[in-house]
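Undergrad: The task is simple: from the sequences and hints, build the whole structure.
2 protein chains.
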Amino acid sequence: MNNGRSAYKHLSGQYLGLFEEKLKKICEEPNDSVPDRLRESMSYSLLAGGKRLRPLLCLAAAERSGVGPENAMPMAIALEFIHTASLIHDDLPCMDDDDLRRGAPTNHKVFGETIAVLAGDALLSWAFGYSLSHLRERGIPDDRVLRAVSILAEAAGPSGICGGQMLDTDPESRGEERDFVYQIAYYKTAVLIRAAVVSGAMLGDIPDSMLRCYYDYGTNLGIAFQIVDDILDVTSTREALGKTPRKDDAQNKRTFVSAYGLEEAKALAVRESEKAERALEPLFPEGDLLIDLARSLADRTN
Amino acid sequence: MNNGRSAYKHLSGQYLGLFEEKLKKICEEPNDSVPDRLRESMSYSLLAGGKRLRPLLCLAAAERSGVGPENAMPMAIALEFIHTASLIHDDLPCMDDDDLRRGAPTNHKVFGETIAVLAGDALLSWAFGYSLSHLRERGIPDDRVLRAVSILAEAAGPSGICGGQMLDTDPESRGEERDFVYQIAYYKTAVLIRAAVVSGAMLGDIPDSMLRCYYDYGTNLGIAFQIVDDILDVTSTREALGKTPRKDDAQNKRTFVSAYGLEEAKALAVRESEKAERALEPLFPEGDLLIDLARSLADRTN
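Chains X and D are the protein sequences, given in the same order.
Letter 265 of the first sequence, counting from 1, is numbered 335 in our numbering, and no numbers are missing.
Letter 141 of the second sequence, counting from 1, is numbered 211 in our numbering, and no numbers are missing.
Note that these hints are calculated values from the structure, not bench results.
Keep in mind the model is a prediction, meaning the values are calculated, not measured.
A hint or two may mislead.
BS3-like, lysine-lysine: derived pairs with alpha carbons at most 27 Å apart [unchecked claim]:
#1 Lys179(D) with Lys323(D)
#2 Lys121(D) with Lys94(D)
#3 Lys323(D) with Lys179(X)
#4 Lys179(X) with Lys179(D)
#5 Lys94(D) with Lys79(D)
#6 Lys179(D) with Lys323(X)
TA: Quick look at the structure:
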């Protein structure tokens with residue numbers, strides 16, 4: 071069994087090379103029916119790095135259902151298309167108005183707002199077209215393709231990341247703070263992370279009772295991931311400035327740290343990670359890398 | 071057989087009531103998992119009227135393949151979701167910057183840019199989720215659902231309306247004017263109109279040779295539709311001002327009228343409509359409402 075801290079490293083060691091290779095190939099494939107500037111803009115954001123957590127989770131879950139990474143790859147690619155589309159639109163001036171993402175200029179800073187909006191739209195639609203046609207080609211049965219891509223669509227839509235971004239940006243949609251940060255984390259982060267795990271797992275022939283375990287794992291892992299992200303946002307910024315982490319550091323943005331304070335947020339991260347671990351234990355009583363991954367999340371805040 | 075001019079009226083008489091009723095019901099269905107303001111914004115644009123040409127074409131083609139409007143309805147709804155999403159985004163300040171659409175304030179004028187971007191994104195994803203799950207429920211076989219929704223995704227993506235809008239708005243993507251207006255009409259309009267016809271037809275059990283007829287019909291009908299739209303844009307505006315139509319009326323926007331002049335554009339509309347009619351004639355040697363519809367398009371410019 072793997073040590074918690076090395077779980078992501080182990081996961082990426084297994085699948086990241088394959089994934090990046092495929093993504094690069096897709097971005098470089100000549101396609102006369104797509105305008106050059108639109109292709110450049112989509113590729114710029116797709117190839118801008120990132121942990122690729124969603125595709126890696128999808129490939130790992132699929133393999134545990136008996137579907138190898140080659141055959142599950144179209145779903146992993148579609149997940150990254152959707153995640154990238156949401157980042158491009160979230161960065162827009164009318165949203166979070168960010169100039170930098172992962173240290174590089176955001177899409178609209180390089181290509182302008184018009185192209186950034188279109189690149190996000192194009193990636194969103196492409197995600198569905200790509201997964202529907204390529205999963206079929208890899209021999210995944212039609213009913214499983216349909217179910218898996220439906221889950222992806224739900225996660226990307228009004229009850230998923232769009233709803234979450236709405237709550238996060240629209241002052242009129244805000245509720246009581248402590249419930250509210252959970253709601254945002256659920257819609258904006260957990261629903262897509264859960265979709266990654268569940269859509270991967272359901273490509274194989276597994277019963278609904280097992281899918282339910284992946285479903286709960288994905289939800290709790292996603293919430294834990296958002297809490298840890300909020301915590302690192304505060305501690306890493308303040309440490310870089312040589313300051314002690316403070317409760318109100320996140321300013322106007324509502325985060326788990328602003329709602330609960332740093333120590334309570336850390337405790338919540340541990341609680342959600344443990345829930346994720348427990349959800350998968352019935353499937354893997356001897357332990358599993360996905361269980362280690364949940365454990366490693368909470369460790370990151372210490 | 072129907073007179074050309076009354077073809078749209080006849081088509082809408084058959085399906086529009088059913089379609090509007092279903093769309094209204096979807097917009098009014100309570101859904102706790104979607105933020106209220108996002109629902110309001112999507113419904114505002116979905117219920118803002120329009121000819122509903124794409125859903126009507128889909129329902130008509132489906133019925134000709136033996137699939138009744140009730141069972142084809144989820145595809146018709148998905149087409150309108152995608153069309154509406156593209157209109158909301160096209161109207162944004164960073165795109166065409168339109169304040170009015172069909173005489174009413176555009177989505178971003180009522181709800182702001184942030185919500186307008188999210189409403190478009192949400193409708194796009196919802197289109198795929200809605201059609202995948204509801205077509206299945208209506209008993210359409212999985213393989214047909216997969217193929218039909220793939221066609222929808224392709225039409226909405228980088229090789230479809232996103233690519234077309236890119237060509238239309240990005241000065242660097244522009245080519246020689248006469249080819250260029252055809253390209254824009256193809257990607258921005260014809261691909262989705264063709265998807266409406268083909269995705270409807272393929273819900274039933276029909277051979278690929280017949281689908282090919284619908285495919286060609288949809289392409290030419292879509293091009294004809296755009297030419298007529300460009301012509302009416304000029305003639306109706308200038309007539310309202312009591313002026314004679316003039317070649318350079320469309321100012322900066324590249325249209326069939328600016329590229330070819332009014333008279334040649336009218337001749338092109340007739341040519342494309344006739345191509346559409348001829349494409350369907352092998353399937354309906356005795357005539358059909360869809361053939362009449364193509365004929366009626368060119369008539370509208372006289």
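Undergrad: Can you name, in rising order, the numbers of the hints this structure does not satisfy?
TA: none
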